[in-house]
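*Asks:* So the chains spell out like this:
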Amino acid sequence: MKYIPKKEMDFKEPIVITGFPGMGLVGNIAAHKIAKDLNLDFVGYFDSPEVPPIMAVEEGILYPPIRVYANENMIVIYSEVLIPQKSVYELADEIMNYIGTKNPKILINLDGITSLNPKKTYMVSASENMLKSMEHENIEILDFGMAGGLAGIITVRCGDKDIPSVCLMAETNGLRPDPKGASNLITILNEIYNLDVNTEDLLKEDKAIKEKLKKLAEEQMKLLSKQKVENPMYM
Amino acid sequence: MKYIPKKEMDFKEPIVITGFPGMGLVGNIAAHKIAKDLNLDFVGYFDSPEVPPIMAVEEGILYPPIRVYANENMIVIYSEVLIPQKSVYELADEIMNYIGTKNPKILINLDGITSLNPKKTYMVSASENMLKSMEHENIEILDFGMAGGLAGIITVRCGDKDIPSVCLMAETNGLRPDPKGASNLITILNEIYNLDVNTEDLLKEDKAIKEKLKKLAEEQMKLLSKQKVENPMYM
Amino acid sequence: MKYIPKKEMDFKEPIVITGFPGMGLVGNIAAHKIAKDLNLDFVGYFDSPEVPPIMAVEEGILYPPIRVYANENMIVIYSEVLIPQKSVYELADEIMNYIGTKNPKILINLDGITSLNPKKTYMVSASENMLKSMEHENIEILDFGMAGGLAGIITVRCGDKDIPSVCLMAETNGLRPDPKGASNLITILNEIYNLDVNTEDLLKEDKAIKEKLKKLAEEQMKLLSKQKVENPMYM
Amino acid sequence: MKYIPKKEMDFKEPIVITGFPGMGLVGNIAAHKIAKDLNLDFVGYFDSPEVPPIMAVEEGILYPPIRVYANENMIVIYSEVLIPQKSVYELADEIMNYIGTKNPKILINLDGITSLNPKKTYMVSASENMLKSMEHENIEILDFGMAGGLAGIITVRCGDKDIPSVCLMAETNGLRPDPKGASNLITILNEIYNLDVNTEDLLKEDKAIKEKLKKLAEEQMKLLSKQKVENPMYM
Amino acid sequence: MKYIPKKEMDFKEPIVITGFPGMGLVGNIAAHKIAKDLNLDFVGYFDSPEVPPIMAVEEGILYPPIRVYANENMIVIYSEVLIPQKSVYELADEIMNYIGTKNPKILINLDGITSLNPKKTYMVSASENMLKSMEHENIEILDFGMAGGLAGIITVRCGDKDIPSVCLMAETNGLRPDPKGASNLITILNEIYNLDVNTEDLLKEDKAIKEKLKKLAEEQMKLLSKQKVENPMYM
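Protein chains in written order, with full-length UniProt numbering: chain U, 1 to 235; chain G, 1 to 235; chain X, 1 to 235; chain Y, 1 to 235; chain C, 1 to 235.
The reader is advised that the hints may include incorrect statements.
Identical chains blur together in the list; that is why a pair holds if it fits in one copy or across any two.
Think about it this way: if two alpha-carbon atoms lie no more than 16 Å apart in a straight line, the pair counts; the simulated EDC-like pairs of lysine to aspartate or glutamate are [claimed, not checked]: (1) K2 <-> D160; (2) K120 <-> E137; (3) K204 <-> D47; (4) K86 <-> E50; (5) K102 <-> E135; (6) K2 <-> D196; (7) K2 <-> D143; (8) K86 <-> D47; (9) K105 <-> D201; (10) K36 <-> E200; (11) K102 <-> E205; (12) K2 <-> E191; (13) K36 <-> D160; (14) K207 <-> D196; (15) K7 <-> D162; (16) K7 <-> D160; (17) K6 <-> E128; (18) K120 <-> E13; (19) K132 <-> E59; (20) K102 <-> E72.
Simulated from the structure, these hints should not be mistaken for lab results. Keep in mind it's a predicted model, so treat the numbers as computed, not measured.
Turn these sequences into a full structure, and let the hints guide you.
*Replies:* Here it is, written out as structure tokens:
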């Protein structure tokens, strides 16, 4: 796995936000929205032969799966393609290498946590100090549970390297793409960092987003089943 | 994986066309037809132990799965054998190595995209300029979606290396070998590059092609099941 | 796989206790309880890309799966995440490397053994002398059977390196998390080493522990199924 | 994978015949019969940890799976054990290394091709010249199809190295060991190369061969299921 | 995979006996009995991360799976744990390395062969001379068949290195642990080598052995299923 740069950028202690497919896809929906609304540049991508070869298309332009968008003050790293378990640690290490040279202010890793009655947003960190400094009336500290995947590993690795990091987890049903959960995460980030990411159109677009994501999912299932069929000739 | 040359060729900024098994097999059906009708020479092949050992037979001659046909001005790379997902990136890299020294004019990667009512042909690229320069009344820019497999990866890699490249995707049902979708791709290439590839006999042969491909598929299924059976003696 | 230190510690011939998920989870329930009640510090963890990326959360703090807690006189190594069979030997070797420099007094490896009527606690060792020196009215020597997993391998490796070691196995039903079996192990260790680990609240908490562990298990199953689903978009 | 020599031999531009398990097992039945009837010496074998560890017994003598028999003028390479797909390319390369130093006159790779009404024998080659020089009234050139496995790969590799080679494929039902298909291949080779391999007893023994091969297959299935069962103690 | 020595021994052209789990487990039951009755010392073991981590317990002492017992004149190598197919060749090579320096008189590899009416004992070898020198009224030469697994590979390897070796195979039902088949092998070895291994108690213990092995098998199945379950928390 390696990082392929597409554009130079001078970073000034950027805030780093990651969002990878998890419960309700809230992490990547939120990250993608932030990158779009703040007009961040596509600055590079992480390339790995282990990740399914599914490229995203936006307005005719083809993008590799694991993308980095940025301006001087913010870096957003996300993927719409699920990272296979065997690549998760490797990608976490590459992300740590990448941000290690950028002198980040903080890493905020976005994810979902399942709930039958989704309302809250939780945080966890590898560092007690982070829990104190990120105190917010709309964020609860998760007392006991599990955090899996990239969000969890990156947060632990940051703790090892004394890089400030939290994992923010929005409650979600977990069965459907959940723009509401994503918007809860964005609302909190808007408040803390004075951003101006539009959650209303995310909610308005809820129905349209779900249909688009559903269509994408179907196409991906077909692509991936086709990959698996050992009959090369007869489709 | 490596490239095995079979014949020398002096290239003059060739157009490169790739077609690998995808939806409706439109990519490889089109690529194969182009190579045959333009009488391109069999100049080499990509060899990989990861690709199922299925050799094609044409008029008594045995061919390895991933073939390169060419004349001075055109290179066609295709396969009738499905490339396993774990080899796709490696093959893309070998193809990039191969064409990197040939100073290509453009890479056109042919594939299919599923549709319930197949009519259109779409294009995507990693470069905005390419979308402009390839404007054509019969090609629509795909606004939102996914492009998987070799066609997608090669197009992205070309973007990274500033090699002009598009992915052309013909709508297709996706369940059957689709010579109609293949002929739509060929028609567009005929128009843009002033080629003379015969689409009528592709359509006339539609029934015959499907029976041949179906027969090939059955033989391949048997070959591949046989490979998998752990009973060496009793077939 | 490697060891990531988090905190320095001066060890004085420590007793080392290991507890990994096995029958009834008695090993890791006991080890976790010992670490908590004796207020041991979190001193480091074993990191491996082969182990599922599931981080534990306790009071808002995120922990990697395979943890080491310690004070000067005791080291407790445990995990709540099942170690895949292909990583078990590697982790055993890393643990042997780690404790090899600590001049341990003894390694006590905790595990469960299935029984329809769970009452007893057994011990086995790679060394006859160990069986004699660990004689205790509440420990029976296992005459004939099998001991699998990390507890067994570590005990054998200690025998190879002349490091005193036993494997203590509490009888358990094996189907449910079994705090009772864990408390039997703790009671014996309290007696032999004059510890003061509270088994009453372990038993009182039995119902609550089971519900918590059950909830964790469900979340983990979801996490792990999500990892496995190849549909990145539609959850 | 490597070649283990058992006996020295001075080769004089030998004819090389290969026969590996394929449709109807015609390739290896024919190759085995040729080696026996011409009293060729067991000169060595190809050894690979990837091939199932199943040794053949003939008259009390134990043989490894992939064997080479020879005299000065002929080399026969065959196996009764199915070569796993992932080892096929590697074995083809080892065979090419082996015969590369023997200055062979021709490589004839024997295999089966499925047919509902098996009668014919086909040939394919990587070289047009070979098709001309091997013209025979009882061999048809296969116009269109697939040739899989070792027979196909070896024939293609010989084409790359300018070593004369054909693949001869006897039509067969493909479901049962087919001594009739094997005898058709032998008859053609007897005619072309003036050999004296007895096909009558192959046909007479048809029933006995099938029972023997069936018994072998059952024993192998048991051996291979035993290998796969993870219960080491209770069979 | 490597050999871990536990005790020094001066060997005087020892007879080497191997017995690994196969049909009816006759090989390892016989080998284990010989090691016990002749009071051989536990001198070392073969260690491999590919072999399931299942340690045997005998009288409170924990043993690794693949053990070597010996005195000056005899070496017995056996395992109660089934060796995975992918490790079989590697273990055979390690065993050949180990015995290669011991100047063995002969290697006798014990295994079972299935029969509906088990009575006989067969032998095979890679060497004609061995069949002659091991002639015995109670041993039949196997005319035609298959010998799989370690017994077969070791016998072939010994043939390659001119080390005298036979494979002795007792007929067995193959479904149950078969102390009767094991005792047939022992009886023949008692006669040829003037040993004094007690077969009566093996037969008397038949019922008890089967219950013990059955219990072991159940525990192993549980251990191995536990290893496979991806739910670390909820057993």
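*Asks:* Confirm or reject each hint.
*Replies:* Cross-check of the supplied hints:
{"no.": "1", "hint": "K2 <-> D160", "result": "between (22 Å within a copy, 14 Å between copies)"}
{"no.": "2", "hint": "K120 <-> E137", "result": "within (11 Å within a copy, 51 Å between copies)"}
{"no.": "3", "hint": "K204 <-> D47", "result": "neither (34 Å within a copy, 43 Å between copies)"}
{"no.": "4", "hint": "K86 <-> E50", "result": "both (8 Å within a copy, 7 Å between copies)"}
{"no.": "5", "hint": "K102 <-> E135", "result": "neither (25 Å within a copy, 40 Å between copies)"}
{"no.": "6", "hint": "K2 <-> D196", "result": "neither (32 Å within a copy, 43 Å between copies)"}
{"no.": "7", "hint": "K2 <-> D143", "result": "neither (36 Å within a copy, 28 Å between copies)"}
{"no.": "8", "hint": "K86 <-> D47", "result": "both (15 Å within a copy, 14 Å between copies)"}
{"no.": "9", "hint": "K105 <-> D201", "result": "neither (29 Å within a copy, 43 Å between copies)"}
{"no.": "10", "hint": "K36 <-> E200", "result": "within (14 Å within a copy, 46 Å between copies)"}
{"no.": "11", "hint": "K102 <-> E205", "result": "neither (34 Å within a copy, 47 Å between copies)"}
{"no.": "12", "hint": "K2 <-> E191", "result": "neither (34 Å within a copy, 40 Å between copies)"}
{"no.": "13", "hint": "K36 <-> D160", "result": "neither (31 Å within a copy, 22 Å between copies)"}
{"no.": "14", "hint": "K207 <-> D196", "result": "neither (22 Å within a copy, 47 Å between copies)"}
{"no.": "15", "hint": "K7 <-> D162", "result": "between (28 Å within a copy, 13 Å between copies)"}
{"no.": "16", "hint": "K7 <-> D160", "result": "between (29 Å within a copy, 11 Å between copies)"}
{"no.": "17", "hint": "K6 <-> E128", "result": "between (37 Å within a copy, 14 Å between copies)"}
{"no.": "18", "hint": "K120 <-> E13", "result": "neither (29 Å within a copy, 47 Å between copies)"}
{"no.": "19", "hint": "K132 <-> E59", "result": "between (42 Å within a copy, 12 Å between copies)"}
{"no.": "20", "hint": "K102 <-> E72", "result": "within (10 Å within a copy, 38 Å between copies)"}
Figure legend: structure checked against the earlier numbered hints; hints not met, in rising order: 3, 5, 6, 7, 9, 11, 12, 13, 14 and 18.
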